[in-house]
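Number of protein chains: 2
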Amino acid sequence: MNPDWVRLAEARQLELTKPPRSLGRLEEIANRCAAIFESLSFRLAWPRIVLFAGDHGVCAEGVSPYPQEVTAQMVLNFLRGGAAINCLARACGIELQVVDVGVASPLAGEIGEADGLISRRIACGTRNFCSEAAMSRAEAEAAMAVGTGMAQQAVGEGCDLLGFGEMGIGNTTAAAAITAALTGCAPSEAVGRGTGADEACLSRKISAVERALALHGGALASPLEILARVGGLEIAAMCGFCLGAASSRSPVVTDGFIATAAAALAVGIEPRVKDYLFAGHLSPEPGHRRLLEWIGLEPLLDLQMRLGEGTGAALAMKIIQAAAEAFTGMATFASAGVSGQK
Amino acid sequence: MNPDWVRLAEARQLELTKPPRSLGRLEEIANRCAAIFESLSFRLAWPRIVLFAGDHGVCAEGVSPYPQEVTAQMVLNFLRGGAAINCLARACGIELQVVDVGVASPLAGEIGEADGLISRRIACGTRNFCSEAAMSRAEAEAAMAVGTGMAQQAVGEGCDLLGFGEMGIGNTTAAAAITAALTGCAPSEAVGRGTGADEACLSRKISAVERALALHGGALASPLEILARVGGLEIAAMCGFCLGAASSRSPVVTDGFIATAAAALAVGIEPRVKDYLFAGHLSPEPGHRRLLEWIGLEPLLDLQMRLGEGTGAALAMKIIQAAAEAFTGMATFASAGVSGQK
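Quick note, the sequences are listed as chains L and H, same order. Numbering follows this note's numbering, in which position 120 of the first sequence is assigned residue number 120; successive positions increment by one, without gaps. Numbering follows this note's numbering, in which position 5 of the second sequence is assigned residue number 5; successive positions increment by one, without gaps.
Pair ranges (Cβ atoms, derived):
id	chain 1	residue 1	chain 2	residue 2	range
1	L	E270	H	D115	44 to 54 Å
2	H	E10	L	R43	33 to 43 Å
3	H	A60	L	G340	19 to 29 Å
4	H	N2	L	D302	27 to 37 Å
Chain L is faced by these chain H residues, among others (derived, beta-carbon under 8 Å):
id	residue
5	K18
6	P20
7	R25
8	E69
9	A83
10	R90
11	L315
12	I319
13	G329
None of these hints come from the bench; they were simulated from the model. Even glycine gets a Cβ: it sits at the ideal position worked out from N, Cα and C.
Build out the structure end to end from the sequences listed, making use of the hints.
This is how it looks when you write it as structure tokens:
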């Protein structure tokens, strides 16, 4: 982050017709955007969320109350506009793209690009990381490249604010394994109830993460190895998306626990990603706060949302747009003829 | 609030394609709206914020770092679209109305209805409540009627989500006096730095509230008396606005400390107002949390904003609209062919 632009933005904030710092975190957001765009007159006019879907071999361990085919069923729901993210994106004026980067089941009928689906399937889900690596290094890198490409394409098309989200039954278990591997916390501190695990299911999730760490522990020395061994295809794509957004110099908004696991891996791979990253919200999943603290980001919203899909990112993106509008659209004390402090 | 409609809404939430309760506070918002509209297919399509401006005699005590003429200058800024609330309302697609209910200085030039100003001036500011009542009971009631009328008119025109905000140099001191009188907390616990008071100014604010409570203490037995003696014209109008929104059965979103002081008085006058009231955000002003706790509302946002004008309400209204869109727009497990929990 260019500190000169942050200082210029802070100075500009003091000229706007409001008491100093009275817009609170909206000022911090706008100042960061000014540094990202190296401009005091940037616009956030075209927001886009990219939602990556993938399946997880670890579902064989009974880690989710939902059957695995829900991933594919929800992809169809996204394409028909019936999911929560469709509604929130509509309400907030955000474009949505849906990418199949690793769904296990065939998608019903002839669903494909004509229906809005972006088909970039690297594999039909990951393998069960309790017994082997979730992905080969090549698969992980291919999925990352999908995400990086989606971010670069968005910026190339003119998008100026990016968000991302995910769908993948079983993926809170993968995110918990990443959290434990990355932050060093105990599996029991990284695992939460996800989509609504009962006590027995929660125990199976913790056990799955413990066994994964025992199996892969020695090999989890780098973010890329963590990603390949205990991550997921959609997590790899989101990680690549963050890298692509940062290399394209675009602000990028993370969603909940799983999205933030991907963002943390991206920051682990390339620390400068943090300069472009905004933490959209805080989910009640216990691992989410640990990841945000590990990255060093404060979430914008805390609405007890734990749905994924980019839903928290969508609401936060509207706040970020409003922050930008205030920064670039407000009158100054001089231009409006308003008296300053006595 | 009709508990039958809350239960119907909760049951509907369980049918939507998401894990139970995974939209967190968005579900609570939508369920409350369903009870307000007594419908599961309500729309929040026309949001409006009404901003009330008024001046304060207590400014004579040196309670603000800004000169009193800033109130009138900011009214002009609102009409020209250059203030923070103009930008946030634009970003969030919210209509804004500006009402002069008690500005002290003449407005520059020929500013009036043709420029978008709604002129309902009851008096040229309040009197200094350190030496006499801020308003007569008749003035307070007239200002309340302005607010009630604005809410009823909005609902009559088709608005389905209301918000309100204020502008008035010196009005955090009035809000602090209301907070101390209503909640029983000490003046020093109700007073904050407002638009940026330094230590000396903060001491003058605390002293002003202490002297006001000593002078009027015995007479502060009812919300109406508190309003008239230590309130403000714009605070009375916002109080009336809440009463009007509730009697018109419209959801209404409060803003920061001063707006919430008005909302608390409205709840004190008519407890059913609470059923229609949403707390938009939490400001760092120490009295704000006390008022929200006194009413019994949890704020939606905490972005360290302390600007007023309806800025916090604007952002919260977009969240509320998104919550409504998810509730009314999402597919069900049955309609989308998505499997439920195992």
